[in-house]
Every structure is written in C-alpha cells, then in structure tokens.
Amino acid sequence: MTPVLSVRGLDKRFGAVVAADALSIDIAPGQKVSLIGANGAGKTTFVNMVTGYLKPDRGSIELDGIDIGRGSPRSVARLGISRSFQIPQLFIDLTAAENLTVAVSGANAGALSLHSPAEAHGRHDKAAELLGRFGLAHLADRPVSELAGGVRKLVDIAMALVRRPKLLLLDEPTSGVSAEEKFITMDRVIHAVAPDAATIVFVEHDMDIVSRYADRVVAFYSGRIIADGNPNDVLRDTEVRRYVTGGAR
Amino acid sequence: MGPRRFHPLLMILPVIVAVLFGRVLPTWTLSLATIAASNALVALGIVVLARTGNVSFGQGLFFAAGGYGVALVANGTGITDAVLQMLIGAVCGGLLGLVIGPLIARYSGIFFGMLTLALSMVFYGALVKTTLLGGSDGFNVGRPSLFGLNFTDTREADFMLYAVAVVTTGLAAIAAVFLFRSEFGLASLAVRENNLRVEYLGLSANRIITTNFVIAATFAGASGAFALMAQRHIDPQFAYWTTSGEFVFVAVLAGYQSVSAVFVASLALELVRSFSNLYLPNTWQLALGVFLLAVILFLPRGIGSLWTRERRKRTGLPAEAPAAAEEGAPT
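First to last, the sequence lines map onto chains A and B.
According to the working numbering, the first sequence is numbered sequentially starting from 653.
According to the working numbering, the second sequence is numbered sequentially starting from 84.
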C-alpha cells in the first residue's frame, strides 16, 4: 500500500543539539500511529517539520508522493496535513463556533468574502456539526477564553479536522486533561475523527492511552527512532523501557 | 450565533439625519463637523487595520497622497467636482497602499507601526524638498463644485462639503460593518489573535493584513481629499507625524468594537480641541492629553465599549467578550 506520509533521512540540528537524526518512516493510510519519547526526544520537531513549521537540514518528506519538505504550514495544510497543538492554538477572544467558522473558511478553496456574513454559506452549519461531533454544541457561543483546558483541546482538534485531512497530527491530545477525563477525551477524538477516516499520528506520554488507541508505536530518543512496531512489542522493547517508559510496563 | 443584529443599511437613516442636521448647524460648526467626519474616515481605516492586531502610525502618508493627488489633478485638468475629487483621493491612497501593503504585512506589532511612521516621514521629507510641489509652503487649489453646480455662497459651499463628507464617511461606515461581519472580517480577528494558527488553517495572514491595509489607505486617501477641499490648500503637514498621531488618537478613543464610536470619538476630539483651544489657548494640548488619559483609564476598550457592553448585558452575554457578533454593530 502506498504510504500517506513518507519521510526519508530527515536531519535537524539546533546548534549542537540533534533534534532529528536520519529519521525515516512510512505511514500507511488509516493507521493510528503514536509517537512516544521523553521530553526533547524529537517528537514535536518531527511534527513541526512534517507540517512545514520547521525546515529540515536534510532529507525528504512526501505526502502521497508529493514533496512537501520545503512547504509552508499553509501550503502543507492545503495539501492535506492538519495538526493540533500541545498548547491549544485558538482564537481566544472568539467563540468556539467562530473558531470553527474561521477553520471552515480556511478549508474552502475560494478567496474570503468581504461581504458575505461569516456564518453564511453553510459555514455555521459545518462549525455546529463539528462541535456536535465532539459533544460541544452547547458551548458554541461561549468565548474560548471561558472554556476549560480539556474543552479547548477538543476545539483545537476539531479545527484541525475541518479540512478532512489525509493526515491528522495531534500533539499530546490528552495533556492537561485530568486522569478521569483522558479516556473520555480520547474516545471523543477517535469517534469524531472516524467519519473522515483520517490517518492519525499522535504524540503521547501516557502509555495507557498509547496501548489502547494506537495500532503502531514509534519511539524516539535523542532525535532517533529506537523502536517502531505494534504497541505490545515496542512497549516491551528494552531500549524503550530504558529511555522512554522507564520500565512503566 | 450571537445576539440579534441590526441590518447595516439601517445606518443610512442616521446619515440622512446628520446631513439634514447640517442645515441648522451654525456655519462655524459645519467646517468643524466636516473635519470630524473626514478624520473619522481615516480613523475608521485604522480601526479596520487594528482588527488584524496592527496599528499604523503613518496614515498621514496616504492622507497626503490623496490630498496631493487630488490637488495635482485639479490644477492640471480643472476637475473641481467634490465627489470626483474624493474618488481620486481614494484611488491615490489605495494604489499607494497596494504598493506598500505587501511589503509591510510581513512585520507586526511595534515594527509595523514604526515602519508606517518612518515611511510617512520619508514622504514628508520628500515633499518639503520638492519645489515643484511648493516645498514646505505647499500650494492652493480652487473651490470644489458638485455635479456642475458652483457654490459662491460660503455657507452653501461649506454645507455641500459637509454633506459629501458625511455621506462618504457614512457609506464607508456601512461598508465597514459589512466587512466586520463578513467571512473576511472574522478571519481578520483571527489574525490578530493567532496568525500562525491562521496559516495552519490554510489562510494567508499576510494577504488578510494587506487587504485591510489597502482599505485603510483608501479611506485615508479619500479623507485627504476632503481636507484639501476644506482648506483649499495643501502642504507637507498632511504627511507629518502629528497628523498621523491625531488619527491614532481618534482610533484609540473609539476602540475597535463599534463603527459608530469612531464618529463619536472624532467629534469628541474636535470639540475638546476647539473648546480647550478657546478657553486654554496655551495649554490646550494638556487638556487633550488629560481627556485621552481619562478615556484610557475608565474605558480601556474605547468609547464604543460603553454601548457594546450595555447591549451584551441586555442579551445576557458576558460583558467583556468581544465576539465577532459584536463587531461593527450599528449602534
């Protein structure tokens, strides 16, 4: 099967710090891949390079065979990669529905209308549908500044989903969410993403979440991939236990 | 999605009332109101741009470009029609904005503001040194006409200019309300909040800023034409930093939550300046400063927050949540 994402020999250095060291990975359509690793292992750098925020020093990144290694976040988004953030990147003074409406405008191919109301042409309906999918319909008219951290995470992910991306990258979708709510949050995410059948790559520190939701795990250490495979095998790997999970499982 | 809002076209009514009111205004207040409407047009542009999180400290550049453009065309071709002159000014300002906008949109915050200020001062310096344009003394233009009618009576001429300025500024305000409520207007607010996320959503933050910049420059150019018509004289002072500062002053007084606040702020500034000049001729700038400080202290979101806050209370929404639904409400 042709991979959705194909990364070859990706290098990235920040001075003496090696953030990515010859990373190579193929991700097949429909996979749910979890990236694990200690802080500073290179997971977010990998996500930032794939989404065009950082340019790799060397190597190639292809989405469906198209080279995106030098693309900007905007061009990469238009080609079909969306992401959410470890700290939700929202329009804090706008309501949840308005945040989603901006995302719907971004997903439309045409130029932004200077006169048609923001909520017209089905934009409000699409925003409401997505909020409903995440169980947030009742919060549509609340400013994001008034929403709890876990809800902001969901709004952030909902915005990434508007484009019906080929590849959805979620940076720590359950960080900042209480232990009782993390599975509920993740269930909502997986349930909401399902209709669009996106390939998902999520960065995660919680091994319970990883083993329950990922069908493939990639472990990072010092900018390198030290293990790649199904969750059971990777989480039992000696190096992973030593450098990532600390013998947690 | 948000509170029930007025249709922007209803704003035509207060515009008509304002024009008719000009018939009973004393002559000296006509010119004051014309200047207030003209300044409000530039300030409206600054508010449009401020919704992207950027403030221009150099709108005098486009104000002067509009004024000089109209003056040169008027003296060169004999065009005296006030509406045509306003349109020429708007085109001059808009075209200059189109050249500068894409270059400056890459900067933000204080860099954006200082660059606009620097450009306006470069333009000022060039105008002062250009003897062909009268140097620091500038040059005169003839009295404007309207649709072929020449106004020899001073009061009628002042009223004509007042009416054209109020109608133009009113139409610009209606356009601004449509803009604020539009898909583009919401995206502009998003740029102010988080332009990186805007890019990740597939939108160009630079293009959004540039478009708002060109709109602001167009408004400033039209306003420069009105200032020229009112004074029938132009000089490099149009581009000087104090002129730009005055427009920012109005925008800060108004806040960005309501279009109508821009007109109230502009009128308030003219009134405070006129009366403080009358009663405190040596310290009128001090009075202006105290007035601005009082507004910033008690109304940090500008004069417009007075009625947007009231309306949010009535509709049961949180008092300080500036949703896009609030923007441009024709109050």
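Errors might be hidden in some of the hints.
[Said to hold, decoys possible] Per label pair, the in silico range of CB-to-CB distance:
1. Leu766(A) / Asn360(B): 35 to 45 angstroms
2. Leu375(B) / Val669(A): 32 to 42 angstroms
3. Arg722(A) / Leu96(B): 27 to 37 angstroms
4. Ile193(B) / Val669(A): 51 to 61 angstroms
5. Gly784(A) / Val107(B): 26 to 36 angstroms
6. Trp390(B) / Gly801(A): 52 to 62 angstroms
7. Val100(B) / Arg816(A): 27 to 37 angstroms
8. Ala772(A) / Trp324(B): 38 to 48 angstroms
9. Gly784(A) / Ala370(B): 30 to 40 angstroms
10. Asp777(A) / Thr325(B): 42 to 52 angstroms
11. Ile95(B) / Ser830(A): 51 to 61 angstroms
12. Ile95(B) / Asp793(A): 21 to 31 angstroms
[To be verified] Partial list, computed: chain A residues near chain B (C-beta under 7 angstroms):
13. Ala680
14. Pro681
15. Gly721
16. Gly723
17. Pro725
18. Ala729
19. Arg730
20. Leu731
21. Gln738
22. Ile739
23. Gln741
For the record, the hints were derived by calculation from the structure and aren't laboratory data.
Glycine is no exception: its CB is placed at the ideal position from the N, C-alpha and C atoms.
Going down the list of hints, with the structure as the test:
1. Leu766(A) / Asn360(B): 35 to 45 angstroms: At roughly 40 angstroms between Cβ atoms, Asn360(B) and Leu766(A) fall inside 35 to 45 angstroms, so the hint holds.
2. Leu375(B) / Val669(A): 32 to 42 angstroms: At roughly 48 angstroms between Cβ atoms, Val669(A) and Leu375(B) fall outside 32 to 42 angstroms, so the hint is violated.
3. Arg722(A) / Leu96(B): 27 to 37 angstroms: The hinted range 27 to 37 angstroms is violated for Arg722(A) and Leu96(B), with Cβ atoms some 55 angstroms apart.
4. Ile193(B) / Val669(A): 51 to 61 angstroms: Check failed, 31 angstroms falls outside 51 to 61 angstroms.
5. Gly784(A) / Val107(B): 26 to 36 angstroms: Because 56 angstroms falls outside the window, the suggested range is violated.
6. Trp390(B) / Gly801(A): 52 to 62 angstroms: Hint violated: Cβ distance 33 angstroms, outside 52 to 62 angstroms.
7. Val100(B) / Arg816(A): 27 to 37 angstroms: Violated: the Cβ-Cβ distance is about 50 angstroms, outside 27 to 37 angstroms.
8. Ala772(A) / Trp324(B): 38 to 48 angstroms: holds (41 angstroms)
9. Gly784(A) / Ala370(B): 30 to 40 angstroms: About 55 angstroms separates the Cβ atoms of Gly784(A) and Ala370(B), which means 30 to 40 angstroms is violated.
10. Asp777(A) / Thr325(B): 42 to 52 angstroms: holds (50 angstroms)
11. Ile95(B) / Ser830(A): 51 to 61 angstroms: With Cβ atoms ~54 angstroms apart, the hint holds.
12. Ile95(B) / Asp793(A): 21 to 31 angstroms: holds (30 angstroms)
13. Ala680: Violated, about 24 angstroms.
14. Pro681: Result: violated, 21 angstroms to nearest chain B Cβ.
15. Gly721: Where the cut-off is 7 angstroms and the nearest Cβ of chain B is about 17 angstroms from Gly721(A), the hint is violated.
16. Gly723: violated (11 angstroms)
17. Pro725: At 5 angstroms from the nearest chain B Cβ, Pro725(A) passes the 7 angstroms test, so the hint holds.
18. Ala729: Status holds, d = 4 angstroms.
19. Arg730: holds (5 angstroms)
20. Leu731: violated (10 angstroms)
21. Gln738: violated (13 angstroms)
22. Ile739: Ile739(A) check fails; min Cβ-Cβ to chain B is 11 angstroms, beyond 7 angstroms.
23. Gln741: Holds. Min distance 4 angstroms.
The structure shown violates the earlier hints numbered 2, 3, 4, 5, 6, 7, 9, 13, 14, 15, 16, 20, 21, 22.
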